[in-house]
Amino acid sequence: MANRVDPYAGYNFAVELDGITRAGFRECSGLESSQNASEYREGTDRSLSVRKIPGLNTYGDITLSRGLTFDSKLWEWRDKAAKGSVERHDISITLLDHTGNAKITWNVFACWPKSWTGPSLSAASDEIAVEQVTLAYERIEVDKWS
Numbered sequence: 084m085a086n087r088v089d090p091y092a093g094y095n096f097a098v099e100l101d102g103i104t105r106a107g108f109r110e111c112s113g114l115e116s117s118q119n120a121s122e123y124r125e126g127t128d129r130s131l132s133v134r135k136i137p138g139l140n141t142y143g144d145i146t147l148s149r150g151l152t153f154d155s156k157l158w159e160w161r162d163k164a165a166k167g168s169v170e171r172h173d174i175s176i177t178l179l180d181h182t183g184n185a186k187i188t189w190n191v192f193a194c195w196p197k198s199w200t201g202p203s204l205s206a207a208s209d210e211i212a213v214e215q216v217t218l219a220y221e222r223i224e225v226d227k228w229s
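The sequence shown begins at 84 in the numbering used here and counts up by one.
The hints are simulated quantities; they were obtained by calculation from the structure and are not laboratory data. Predicted, not measured: the structure shown is a model, and the values here were computed from it. Accuracy of the hints is not assured; some may be wrong.
Stated by the list, open to error - With a cut-off of at most 30 Å between alpha-carbon atoms, the simulated DSSO-like pairs for lysine-lysine come out as follows:
id : residue 1 : residue 2
1  : Lys-197   : Lys-156
2  : Lys-156   : Lys-227
3  : Lys-197   : Lys-186
4  : Lys-197   : Lys-227
5  : Lys-186   : Lys-166
6  : Lys-186   : Lys-163
7  : Lys-186   : Lys-135
8  : Lys-156   : Lys-166
9  : Lys-186   : Lys-156
Could you build the full structure based on these sequences and the hints that come with them?
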């Protein structure tokens, strides 16, 4: 009988922000890497089609969500960027298995907060106040895949 390999669950993860804060986050989205394809054709090409040449790598934005607490470091980081003093930091996002062991770590480089969203507030709700920060970044590497 073949060994069964189950996929990792997406609910166990840790985010480490280099030099800013280490905090528990509710959600992390936007790990994305893509590459544009440039089209090129020479007049002497025998084929009546274009060549597809790899272009520049691009990366999506990472959005981190967490329950709002007295820790204002994310807001302060964003506020500095909004005032023209952009601080870039590296972050690591680690997917954990059900026992808490690290399985995959994405290292994301030269991050800076391009937006911050505060909580939705309602006196008729029992929802947790959640803040979100959206990070632009320049490069991503996978550190561990086990």
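Evaluation of the provided hints:
no. : hint              : result
1   : Lys-197 / Lys-156 : holds, 15 Å
2   : Lys-156 / Lys-227 : holds, 28 Å
3   : Lys-197 / Lys-186 : holds, 29 Å
4   : Lys-197 / Lys-227 : holds, 28 Å
5   : Lys-186 / Lys-166 : violated, 38 Å
6   : Lys-186 / Lys-163 : violated, 34 Å
7   : Lys-186 / Lys-135 : violated, 35 Å
8   : Lys-156 / Lys-166 : holds, 15 Å
9   : Lys-186 / Lys-156 : holds, 28 Å
Hint compliance for this structure: hints 5, 6, 7 are broken, all remaining hints hold.
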